[in-house]
Amino acid sequence: MRLSAALLGSVLVEAVDRNNFKKCADSSFCQRRRVFNSDGVSPYAVTKSELIENDSILQLTLEVDGRPCLKALHSILPVGARINIEECEPLHPRYDPEARPSPEELLIDGHAPQKLKLDESNGFISIQAGDMRLKTSLESYITEFSHKDEVISVANSRNLLFVEELREKNDDEPSWEEKFKSHKDSRPRGPESVSMDVVFTNSRNLYGLPEHTDSFVLANTEEGEPYRLFNLDVFQFEIDERMALYGGIPFVASHSPERSSAALWLNAAETWVDIKYVDPEASIASWFTSGKVPEAHTFWLSETGKIDLFLFPGPSIQEVNDQYTVLTGRPQLPPQWATAYHQCKWNYRDEPDVAEVNENFDVHDIPADVIWLDIEHTDGKRYFTWDPVKFPTPDKMIENVASKGRKMVTIVDPHIKVDNNYYIYSGAKEADIYVKKPGGAEFNGWCWPGNSAYIDFTDPRAREWWAEQFLFENYKHSSPSLYTWNDMNEPSVFNGPEVSMQRDIIHHNGWEHRAVHQMYGLGVQRATYEGQLKRDPNSRPFVLSRAFFVGTQQWGPIWTGDNGAEWSHLKSSIPMLLALGVSGMPFVGADVGGFFGNPEPELLWRWYQLGAFQPFFRAHAHLDSKRREPWVFEEPWTGRMRNAIRYRYRLLPLWNELFYESHKTGVPPMRPIWYNYPKETESYGVEEEYMLGDTLLVAPVMEEGKRDVEVYFPGGDKYFRLDYHETPAYSGNAVVSAGEDEQIPVFLKAGRIFASKERIRRSSTLMENDPITLNIALDSERKASGKLYFDDQITHDYQKGEFSYKEVSFDGKSLNYSDSAQTGVFQSEHSFVEQIVIYGFGSSAPKSIQISSNGSNWQLESQVKGTTLFIRKPNAKSTGSFTLTIE
Amino acid sequence: MKLLLPVLSAVLADDRIRGVSITRQSLYPPGTHFTCLDGSKKIPYSYLNDDFCDCDDGSDEPGTSACPTGRFHCPNAGFAPQNIISSRVNDMICDCCDGSDEWGGFVECPNTCKEEYLKAHAAKIQARIEQAQGFEKRKSLVDLALVQKLDDEEELAAAEPGINELKKAKDDAEALKIEAEELETKVNEELEAIKNQKILDRAATYSEEDISEIAFNHLDANKNGEIVVYEITTQKYLDPKPETSSFTTKEAKEVMKQKDKIYLEDFRTEIWPEIREKILPKLERAMNDWDRAIEEANKVDEPEEPGEPSEEQVAESEEALDAMEDELDNEEYDDDDHDLLDDEYDFDDDDYDYRDYRDTPEPIKDDENVSEEHQKIFDAAKDARRIFDDADRALRDAESKVSEIRERSERDFGPDDVFRSMHKVCFEFKTTEYIYTLCPYDKCEQKPANGGSGTKLGNWEGFEDDFKVMKFTNGVKCWNGPNRSAIIKLSCGVENKILSVTEPNRCEYEYKFETPAVCSEPEPIPDHDEL
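If you read the protein sequences in the order shown, they are chains A and B. So that you can map any letter, position 99 of the first sequence is 99 in the UniProt record's numbering, and since no number is skipped, the others follow by simple counting. So that you can map any letter, position 292 of the second sequence is 292 in the UniProt record's numbering, and since no number is skipped, the others follow by simple counting.
Keep in mind that the hints were calculated from the coordinates and are not lab data. Every residue gets a Cβ at the ideal spot worked out from N, C-alpha and C, and that includes glycine. Hints may be right or wrong, so weigh each one.
Residues of chain A placed beyond 12 Å of chain B at every Cβ, according to the derived structure [unchecked claim]:
(1) E105
(2) F180
(3) N474
(4) D504
Selected chain B positions facing chain A (in silico; Cβ < 10 Å) [what the hints assert, rightly or not]:
(5) D54
(6) S65
(7) P68
(8) S87
(9) F106
(10) E433
(11) C478
(12) W479
(13) S500
(14) E503
(15) P504
Between the sequences and the hints, there should be enough to build the whole structure, so can you do that?
Below is the structure:
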């Protein structure tokens, strides 16, 4: 007993235990097939080609001595090019997350192959549709992807294409079984990996491949480990690592001054990705291109499945994100309250504790929208139930929180306590929707409740069953103010290999876990989302997930998991969230304060400042962490944290607009600087500052004791610090103060307009009727423009046109506030424009300001502070139209 | 100027400025202009309460939510007036009992002032009654403390002279005891010598080969034919450094010539010669076993090897040895690891004195060597010891009583010694999971409600915050966390009663404790109602 306690003691080491997780060398297929640093083998030749499916797909037969015959399908979609490869006659079917009807239906739109123009000459075969072309060498199977005759990327340019042939085991061959630590993988189908290289021409910078804690610019992996994508519950992860984390998106974006483009390797198995940047002199794809250019090489290796490669042409990063999210689904438009502040802790103990936290926000005049309950709220970790002692009257508790316009969130995890008296366990057993052991028996693993069964979220029947559990009549004490958090959905299995599920576990349709692993978490979140729709079809669902994959953006936000209360983790939140954003996953956040440990008040304050400017804004803490709600450290810290949180509420109208834009076009609210300044090469590696939309530049303090920041202002543009009217606009590089009484340095880009709400209420829903302030920053031509978005903030009525999308522009003299072409019909009854603030106006007051709206004109008053003009009370409806003339 | 929205009226129907108390109405005199109350700006009178913030101090918008720093006054007629934060005006939540904060019409706010008044009034009366009762109780606590103090003083005065007599009685008994024991020791030594000689004589009857094997068998506790270090450390007389209290593994290895295992042959050649003299007197039982085995071997048809234990015995004794080894292995997780352990999971090493269990000296048995004379000496020594023990106990009891009283007299029992009656008295609070105890001046504990041993939440540390808070620290260490601690927040009440126990931070407990000890004298009830 004492011995085991001593062993348990080892978990106290404050670092990730790397031995628990595989390196490439621990994974037999990675060790065997990571050939990134080698020369390619003898190339496949194209031995047969034909157009199929009404001339929309080019089917190529690839052959070479000693390797299996392969079948490649080339097509051009509205959003990019697609290359599918598998054996000509596979012994067993290979899993394809997108085979239709598929369990997941991952591709949403833009995937219909287009009619092709075929051209075969000089040893090449090309297909073209619109501006896009795939041109393949017949002699050696290499395919260039071009857009408007410009080569963007080349598949298999280094001949690293390899498909391990599915076969029967030879009797004299050693066992296919593979071991990791004490875990055995029976690997009944033996080696089955697929791999290929993709080279981005004329590129020096790759981004994406979330989720890792390495630099934002993907690193050269020749010397070290490849990037690993395999959703895992990693205890106390560290910074600057390419180890796998909770989620993975096999998506890489390439960016150069001339173009952005991207690749998606749609495979739901464990995947390793190597990266190498090659100088022009050593470039290899140049036989396709005119002249030598820098290249970015990628090598993709998955344990099983098919090769399903999508190449997106861009040419801007905005278009790349648009193309990717047309294909894989647009990000959800969150309910507005979800974009406000969330208060979480493992665990708010009981109902009086929740009531006190709820009350304290009001006592300290700090706004908050959501109070969260972690696993301890349940009856013995039985999700969908309540601890009868600590939470005897959940209805009353939720109602009390909701009476301030707030919501609550409970955790609901996918592992189900094995207990025949637990209705969820027995119900799912009866429905026969648990994952199975190879012999067909129910798989059980160890998680929070002890012995647990795992619902098979790759099974549509299981998702349907799960969704029904969220009906108000099924989930006791749930209410329209109660939403959901799906944790541990990698899935986490405490006693499984790498804290996850054995790979030979069986899912729906007999697929092995290894083939579908990356899709498990997505299925959990999707089924929960669908459950919330079932209970209330017109309310926007809210489901936070920890695991994620291609398509997660449709179902809700994710957070970066169990970070630590350290300055390095604060800093790392930026590259982590930026990588998610450029990979089509915009609603993301890191736990404010750091999950593990106890932040000093200074760190917590700086984290609130930064978190308020990141998309998903939630404070969370471990069970063993001390309480750290914003009032715990008393003054002056409470005031500082209050200011930081209130800043978020003030800018909620901007977040509304950014999330709407994201929902419509896939662009993330939180963007790297190069997103807005594609040609500014010195911004390519910047991860200490970033932009919200194309409007605000955010430059946080992320070091202890620092009271200023060195800020880089890109593009020679002028930037105005919000609320600093005596300070001239910045450009270039400058040191900006960030003292105890100041807000995080945030700058409004010259030429931009955004809306704010200056009346901070107890929660965002209470601000619905409040007036807005227009913030305008004049550029060197005294012009500015921006967009504003309004809707009812919570329902799906916007899909029926109940929204208002405004265009605001200022030409130096006139401000035009009107509907954009894409507007709907929403009218806010009460909200009006209470003030217009024009930065960079100049120190002399205008002679007159006239507003005209609905055929009436009247004069407005104004005053000047520094060089900012404040126009008093236009009082026009914020969903209406007006013009304003300044003379 | 034309407004698109309904004009917000700055003044109420009776010409009062909205959101301003009657006493402050005079700060808003009618006129053409209004000067912000901080004097910073002069604005047209029509800008008052026009839902736009003009004054930095928020004074121009007392009735709206326009100014971030403003306050709104609810008259709450019939109940207590209230000043609320401006941002709570027209936010769709009824904050004022008269509903005046939600004048914008987004929600209907019923006037609840009368109910609130009645509720508050009843609560206030009740509180006052309880405070008065509590204060009366407190007086009795103070009286009780005085009585206890006098009792203590009396008891102390009575006890102190007696102590000298008890001391003398003890000293006398001790002298007699020493004398009697000296005689007893001498007799014992004589008997021991006779007995040892007998054993040695008997040992001499065995061949050197046999006696060395008998010694080997004696050491080989689990009879598996090999001696390992744990079988040596149990034999204290073999300790090469008897002056050090423990016989360590390292020292045993020395005896074993640094071998892990010793078989009979090596034992004979290397170990036996060195330990022969030490071990011979210990071999009586082993010689008995040897003889018995020979005897039994002679009885049965197929003689067994002498001393060979049955399979069952081996299994049993191996189990015992395994258990011992585990214990010792565990001991190798020395201090470094030890810190990691939660004390809850920890053993008390003192419970495990297995090392000595076969080394207890065998009592001298009644045998032919003990004469009547000897027996008398033994009995006399026994009596002398008993008399001494009684005298010693009587002295210690008296001394501890005195020191207890002295300790109590040095304690801080707060103003008027009001907490004296709680000294080491315990209070309990039951939840479905736990029973929490509070013993002022001693400790706090948490016991499982369904039985089982308690966990100490802290030892008495003292008062804080002018006797409004008790503090207990240095309780049992938490797994992966700090030592437990508890603070007790005191409030006035008629009885001593724990109201609640919570754990605001992990392993930091907070009790709410009601006690008359902190009740102050209530203000005299005024003739008219001040609410």
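For each hint, the structure was consulted:
no.	hint	result
1	E105	holds, 41 Å
2	F180	holds, 27 Å
3	N474	holds, 27 Å
4	D504	holds, 35 Å
5	D54	holds, 8 Å
6	S65	holds, 5 Å
7	P68	holds, 7 Å
8	S87	holds, 5 Å
9	F106	holds, 6 Å
10	E433	holds, 7 Å
11	C478	holds, 8 Å
12	W479	holds, 9 Å
13	S500	holds, 8 Å
14	E503	holds, 7 Å
15	P504	holds, 6 Å
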